[in-house]
Structure formats: C-alpha cells, structure tokens
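S.K.: Sequence:
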Amino acid sequence: MRERVIDGLLAAAVALPFAVGLGVGPGGPDAEVAFAFRDPAVVESSGLVARDGLVLTTNDSGDTGRVFAVDPATGRTVGVTTWSQDPVDVEALAPADGPGARPGEVWVGDIGDNPGERTSVSVSRVAVGRGALGAAGTTYELVYPDGGQDAETLLVEPRSGRLLVASKAFLGGTLYRAPARLSPDAPNRLEPVGSVLSIATDGAFFPDGRHLVVRGYGGAVVYAWPSMEEVADLDLPAQQQGEGIAVDEDGRVLLSSEGQYAEVLELDLPADVRAVVDGSVADRADRAGQADRAGREAGRDPDLVTVTDTAELTLLTGWMLGGALAVLGLLVGLVVLLLRRRR
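Under the numbering used here, read the sequence shown as residues 17 to 359, first letter to last.
Accuracy of the hints is not assured; some may be wrong.
Pairwise CB distance ranges (calculated) [to be verified]:
id: 1; residue 1: Glu207; residue 2: Ala89; range: 34 to 44 Å
id: 2; residue 1: Pro56; residue 2: Ala254; range: 21 to 31 Å
id: 3; residue 1: Ala254; residue 2: Asp55; range: 22 to 32 Å
id: 4; residue 1: Ser199; residue 2: Val49; range: 36 to 46 Å
id: 5; residue 1: Asp102; residue 2: Gly132; range: 35 to 45 Å
id: 6; residue 1: Val209; residue 2: Asn130; range: 23 to 33 Å
id: 7; residue 1: Glu157; residue 2: Met244; range: 23 to 33 Å
Everything labelled a hint here was simulated from the structure, so no lab data went into it. Built from N, CA and C at the ideal position, the CB exists for glycine as well.
Construct all of the structure, not just a fragment, from the sequences and the given hints.
M.R.: Rendered as structure tokens:
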C-alpha cells in the first residue's frame, strides 16, 4: 500500500505543471478552425509564421531541418525547404522582417534543450516558398549571458529586424535580445530585456511593432514593446500541445499544435485587446507616459501611483501560479523519493 501511495505522489508531482497550466483561467477568447495540416510529415508543429499568403511551420526536435510551406486555403504542403540534416533541437520560426527584409525568408531557431544546458544556440535565415528548396542559409550563434537555457520562442522586432529569444521556465522566462548586427563568424552575445510568462512555447509581434504576444500551452500574454508591460492575459483554446503562434500582416492570430493532421486555429482577440494592438486606443504604457507628463505639468509627484483599474495590476498569470505549484510538487516528490530509498 505504501509503495502505491508513494508512486501516486511521484506521478502527481510530475503531472502537476501541465494539469495546472491547462486548468487555470476564466475561459479564453473564441477561436475557429482556419485549416488543418494535410501533410502526414507535419507531426510536431513547433513554430509558425504567416507571410505572403503562406503558413510556414517546422517540426519539433527529432526531424531533419525542414520548413514546410502550407497553403492555408487547403492545408496542403506546397513547398519544403531542407536547410540542415542534423540540427540539435529546432523549436521556432520567425518572419525575416525589418529593414532590408527580402520576401520569402524566415528565421529558424535551433534553440531547444529540455535539460536547459545549452549556453549557446543557433539561428539560420533560410529561403522558403513553393517548391522544393535546399538552401542552407546563413547560421549565427547566439550566446546566453547567464548560463544554459531551454527556449522555444523566437521573435523578430519588425522595425529593427533584431532577433529576440524567450527562455522556457516554470517560474517565468527571460526575453533576450540579439545584437543589431549579427556576425556569422563569431558568437553573438544576447542581452536580457524583460520577462515573459511561464512555459513560453512561441511568440510573435503584431504589425504595429509596438506589441507582441507570447504563448504557453494553455494561455498567452500580450505585452507592450519595448517596455514589456503586460497588456492582456488570455486563456487559449484547448489544443493537444499548443506550441505555435503567428500574427500575419493583417494582425490575424493563428495557433498551431503538435499532432499529425493538427488543426490551425484563428484566435478572436477580445475587442479591447484588439483595439490596443490595432492602435485604436492607448495601452497601459502609453497611458502611464501620458499620466506622468500630466502629473509633472500639474506639479504632482510622478512616482505616485493611483489605482484606477484593478485588472491592470493583476500581473500574476495562471501559468506563473502553475509554475510555483509545479516546483512545490516536484520538491514533495523528491522528499518522498528520498524517504523511499531510506526504507
């Protein structure tokens, strides 16, 4: 009996982060099926880009370095780029936006590492589109400033074209920015610029370049850029293992999941969030700047905070709570395991 109880506790400790992450939240925005992948080779969609009328995705670790170009009208693969035969752990795609951007290119992020031991990762800029392409592209090494990390999120700041990598961690990840100019011949040191939600699996910028969204398995957070102020905390529709998010040129938000023939969903953002990312209303960062200027003009202390919207101060997301409980659960499991060994 004691053995069964101990085994149950250990199993619960392992499952806790996923159960909590998928269970918390007040209910997410609506989503509809945009299309489903028809290619049986797309089995672990772990990165997503929507550009030039195509949806681009790549498989998770375990595949060769391939990018699939999919026609969203049919879900059929219309092109495949093979850029590497032996990547380490491909987890992300990002559009090659920014000054001097050329149509038909994406960034591929070989950035994953479940143990979180990789101190440097690689990104490659490759050609994509219809037909079979075999360009290797140009690869750059990115080095973390603070030791090994796991990551599944790669973004491109559309105004500057600078790359950003978000680490994947239980208690919240770190957003790192790459240098403005990347060297293909030397390591490029990343710098931390903000924090992101727990268990980040993908992210994308909105067309305005002033807002970005980072998703986890069950939720997403919209941030203002570059302040990284939280604009909205969203639940996402249930998916088998949601690891992809893309924002197209018109601001449509698409979600993908691992699984063969998986559906790609179009997320219907709440009206107030849509108004912010479309620029119809000012976000919190803009309002803070306006209040600061108004306070100075009126002679008030600009550091005095007046609470006018409780929702704006709710920064602890369900995923962060889930991460904290996950750590607690793992600690309990370790203690039980030690007691078991002593007996």
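S.K.: Among all the numbered hints in the text so far, which are the ones the structure does not match?
M.R.: The structure conflicts with hint 5 only, although it agrees with all the remaining ones.
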